[in-house]
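2 protein chains.
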Amino acid sequence: MTDYERVKGFREFYPEEMAARRTAIDTVEDAARRYGFREVGTPRVESARLYTDKSGEDILEELYSFEDKAGRRVALTPELTPTVARMVVARQQALTKPIKWVSTRPFWRYEQVQQGRFREFYQTNVDIFGSAEPTADAEVLAVAAEALTDLGVTGEDFEFRVSHRDVLGGLLGDFEGEVDTRAAIRAIDKREKITPEEYAALLREAGLSDRQVGQLDDLLATPADRLDELIAFADVEEAVENLEAVLAAAERRGVREYCTLSLTTARGLDYYTGVVFECFDSTGELNRSVFGGGRYDDLIESFGGQPTPAVGVAAGSSTIALLCQRAGVWPEERIATDYYVLQVGETAETAGRIARELRDRGHVVETDIAGRSFGAQLEYADSINAETVVIVGERDLADGQVTLKEMTSGEQVQVPVESFPGEHDRPTVEQFS
Amino acid sequence: MTDYERVKGFREFYPEEMAARRTAIDTVEDAARRYGFREVGTPRVESARLYTDKSGEDILEELYSFEDKAGRRVALTPELTPTVARMVVARQQALTKPIKWVSTRPFWRYEQVQQGRFREFYQTNVDIFGSAEPTADAEVLAVAAEALTDLGVTGEDFEFRVSHRDVLGGLLGDFEGEVDTRAAIRAIDKREKITPEEYAALLREAGLSDRQVGQLDDLLATPADRLDELIAFADVEEAVENLEAVLAAAERRGVREYCTLSLTTARGLDYYTGVVFECFDSTGELNRSVFGGGRYDDLIESFGGQPTPAVGVAAGSSTIALLCQRAGVWPEERIATDYYVLQVGETAETAGRIARELRDRGHVVETDIAGRSFGAQLEYADSINAETVVIVGERDLADGQVTLKEMTSGEQVQVPVESFPGEHDRPTVEQFS
Chain A
1 MTDYERVKGF REFYPEEMAA RRTAIDTVED AARRYGFREV GTPRVESARL YTDKSGEDIL
61 EELYSFEDKA GRRVALTPEL TPTVARMVVA RQQALTKPIK WVSTRPFWRY EQVQQGRFRE
121 FYQTNVDIFG SAEPTADAEV LAVAAEALTD LGVTGEDFEF RVSHRDVLGG LLGDFEGEVD
181 TRAAIRAIDK REKITPEEYA ALLREAGLSD RQVGQLDDLL ATPADRLDEL IAFADVEEAV
241 ENLEAVLAAA ERRGVREYCT LSLTTARGLD YYTGVVFECF DSTGELNRSV FGGGRYDDLI
301 ESFGGQPTPA VGVAAGSSTI ALLCQRAGVW PEERIATDYY VLQVGETAET AGRIARELRD
361 RGHVVETDIA GRSFGAQLEY ADSINAETVV IVGERDLADG QVTLKEMTSG EQVQVPVESF
421 PGEHDRPTVE QFS
Chain B
1 MTDYERVKGF REFYPEEMAA RRTAIDTVED AARRYGFREV GTPRVESARL YTDKSGEDIL
61 EELYSFEDKA GRRVALTPEL TPTVARMVVA RQQALTKPIK WVSTRPFWRY EQVQQGRFRE
121 FYQTNVDIFG SAEPTADAEV LAVAAEALTD LGVTGEDFEF RVSHRDVLGG LLGDFEGEVD
181 TRAAIRAIDK REKITPEEYA ALLREAGLSD RQVGQLDDLL ATPADRLDEL IAFADVEEAV
241 ENLEAVLAAA ERRGVREYCT LSLTTARGLD YYTGVVFECF DSTGELNRSV FGGGRYDDLI
301 ESFGGQPTPA VGVAAGSSTI ALLCQRAGVW PEERIATDYY VLQVGETAET AGRIARELRD
361 RGHVVETDIA GRSFGAQLEY ADSINAETVV IVGERDLADG QVTLKEMTSG EQVQVPVESF
421 PGEHDRPTVE QFS
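So the protein sequences, as listed, match chains A and B. With the first letter of the first sequence counted as 1, position 196 gets the number 196 in the working numbering; the numbers rise by one all the way through. With the first letter of the second sequence counted as 1, position 172 gets the number 172 in the working numbering; the numbers rise by one all the way through.
Any given hint could be a false lead.
Which copy is meant is left open, because identical chains are indistinguishable; a pair holds if it fits in one copy or across any two.
[Stated by the list, open to error] 25 Å max Cα-Cα, derived DMTMM-like pairs, lysine to aspartate or glutamate:
| hint | residue 1 | residue 2 |
| --- | --- | --- |
| 1 | 97 | 29 |
| 2 | 69 | 120 |
| 3 | 405 | 251 |
| 4 | 8 | 67 |
| 5 | 97 | 338 |
| 6 | 190 | 30 |
| 7 | 54 | 423 |
| 8 | 193 | 423 |
| 9 | 54 | 5 |
| 10 | 97 | 225 |
| 11 | 69 | 229 |
| 12 | 69 | 387 |
| 13 | 69 | 396 |
| 14 | 193 | 387 |
| 15 | 190 | 17 |
| 16 | 69 | 26 |
| 17 | 193 | 285 |
| 18 | 54 | 68 |
| 19 | 190 | 62 |
| 20 | 8 | 39 |
| 21 | 190 | 357 |
| 22 | 54 | 218 |
| 23 | 69 | 57 |
| 24 | 8 | 53 |
| 25 | 405 | 218 |
| 26 | 8 | 174 |
| 27 | 54 | 3 |
| 28 | 190 | 205 |
What the hints contain is simulated information worked out from the structure, not anything from laboratory work. Note that the structure is predicted; figures quoted are calculated from it, not measured.
Please model the entire structure based on the sequences and the hints provided.
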């Protein structure tokens with residue numbers, strides 16, 4: 001006889017908590033649905049090669065990877081992008097562009113467990129393939145912003161820090177000397193999580209001189225209305241124009257107010273190519289990114305497909321929950337039950353009919369499945385927050401009656417059994433009083 | 001440049017197919033929801049011990065099991081029952097009984113890939129903990145039957161073959177000699193998949209004589225109305241009474257008509273203790289079980305919990321899809337779009353407002369995110385089955401008008417832009433004509 005424990009970094013959700021999470025996930029998915037994103041279903045296991053080809057063998061240290069019985073090197077998917085990219089390539093010709101996909105599911109990474117970060121985590125992924133237009137970037141921003149505002153968080157609560165990879169890349173590329181642009185971008189991405197000294201050290205490792213580190217800091221602080229000035233420093237004209245066009249398109253979609261220009265926003269993943277953004281708690285109370293996204297125009301081609309621009313966002317359920325909780329808008333769901341049909345004595349047939357007819361109308365209806373007394377059934381009905389109890393008792397039934405009881409008010413009324421629920425779509429005590 | 005392939009036995013679902021699957025899963029979950037089953041969220045990885053303790057080390061051959069970076073022996077969950085049993089034990093005191101849980105998610109088994117059987121497969125699990133009453137067994141049968149009839153399959157299409165483990169066990173236990181009851185039950189479970197000779201050989205391996213094999217066949221053919229006769233042969237009185245009580249309770253729930261007594265229905269898993277059932281295609285065209293369930297009263301205690309009776313069913317999405325397809329009722333979902341807002345010229349602001357207001361009413365609304373011409377946009381609107389196209393053109397707009405076009409009929413009408421969508425919840429061409 002042993003107790004079993006769940007594996008570290010994995011969670012389970014009991015009904016109340018699950019109901020809150022379901023409401024939140026439905027809200028996020030519904031924002032995408034209204035924009036015409038269509039659900040796809042994706043495998044949870046992929047060839048490890050899907051990740052190592054891009055990121056090297058070291059990436060396996062961060063994944064749940066293993067050999068299957070036939071010796072295939074596989075991994076639990078750590079993110080959706082490579083999988084949907086593979087799916088786009090597989091049906092490149094048949095799919096109508098732009099391809100707009102959404103899905104919510106768990107992913108897995110073997111990493112340190114901390115606040116809002118687990119080894120199994122849920123994300124809603126929203127992606128557009130086949131459009132290089134700034135309106136596509138803006139649409140992804142709009143879906144993400146509406147998902148949050150639909151959840152009840154406001155412009156006071158969050159901000160999207162928006163940047164462009166090629167602005168960073170252009171500035172870094174313009175520095176004299178051998179600068180490892182990718183390494184420098186990764187350093188910038190980490191800036192908020194490390195000390196200024198560690199940050200400077202990483203930049204120097206990437207090939208920047210002390211003077212260049214200071215210069216970079218100045219350039220990255222450029223405000224939105226002076227972006228054009230960067231063009232004088234480096235070959236970033238196209239990137240600046242694109243970034244400005246995305247922000248203008250966001251304005252037309254009513255979500256510019258949630259966007260802050262932030263050239264230090266880099267996103268860690270190597271595959272981003274254009275506009276990138278991260279959502280942050282405006283109050284700074286959550287000291288980590290809520291979620292992020294961006295443009296990855298080269299990925300499909302690198303997977304063997306035709307050149308296909310792409311942009312997307314991955315909204316993590318746990319960090320969204322933390323933001324909602326911080327903002328005081330996390331749904332407080334409780335178990336909800338429309339009717340409890342309470343059966344006493346030899347009335348099972350009538351009680352069964354009533355329960356069936358109420359369920360046929362779409363209601364949540366429970367009945368006794370534990371052989372309980374009147375009092376114990378009423379107590380159970382209360383524990384599941386039943387709104388109305390339909391009491392089907394032997395004596396009542398002999399008089400052709402059942403009793404409706406409203407649990408909150410305690411009010412009750414007798415109703416002729418042959419007309420219950422009858423024509424009533426949602427029969428209440430009030431209707432019969 | 002390489003093409004990546006999905007891993008053998010894993011599937012992906014593009015939007016049309018996913019929409020059909022989503023409709024089917026929602027239908028099954030909704031049947032459970034109406035009976036008051038509450039959603040739980042469960043981890044996809046468990047300690048391998050959760051399976052090996054019960055089934056021995058050999059079970060690992062059928063699982064995706066591996067060691068994680070810290071040397072933990074873990075497995076991708078092959079079924080939900082051990083996980084929910086663990087969760088019940090973890091909160092045994094706090095949870096209100098009966099506990100009624102539902103969830104839909106993938107599971108994994110490393111087995112031969114064949115029609116309707118994959119290495120990653122989806123199930124909706126419905127379980128009741130804390131009631132030993134026949135009404136609980138009947139409720140699980142009722143949820144399963146309603147899920148199928150809600151999908152459109154009828155009593156002509158499917159049957160639940162219902163049995164009781166202790167009827168089988170009692171009959172086998174009553175045979176003279178050393179009979180390995182579990183081995184014999186596993187043989188009976190396999191009967192339909194193997195030849196009569198193989199079946200008889202397995203029974204002989206389990207310790208039955210040739211004469212006993214024949215006798216067993218006769219006993220297993222006992223019809224429902226003569227179940228009582230079995231009591232004369234063996235100590236099966238309690239089991240027969242329980243089986244009859246479950247069928248009577250199914251009658252009161254209106255689902256007796258879907259149940260056939262079938263004493264050869266054994267269910268392979270060792271943890272079943274009472275009534276067991278399997279759903280089959282009545283036409284026999286699908287020559288395998290659609291799904292199954294039953295009572296497992298000892299599992300919670302064997303996991304270190306207090307004795308807690310339990311009964312449940314696991315409805316597999318792929319085999320349900322096969323049954324629905326065979327019955328001609330599989331949902332033919334296509335991409336559905338309520339509105340396409342077609343924008344030509346410098347009308348982005350108005351088009352954006354209209355799209356936003358239509359989305360605020362909950363509609364699925366797409367707009368151009370690919371910089372397309374009028375004709376290309378109309379073609380795209382057609383490809384996503386847009387019901388209505390709202391044309392926001394420069395010349396129209398100068399006159400204060402937009403054009404509504406119904407795509408099926410081709411009818412169109414001009415509408416004053418300031419009153420669109422205005423008070424209309426679902427504006428159509430007809431409303432403005």
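For each hint given before, does the structure comply? Return the numbers of the non-compliant ones in rising order.
3, 6, 7, 8, 10, 11, 12, 13, 14, 15, 16, 21, 22, 25 and 26
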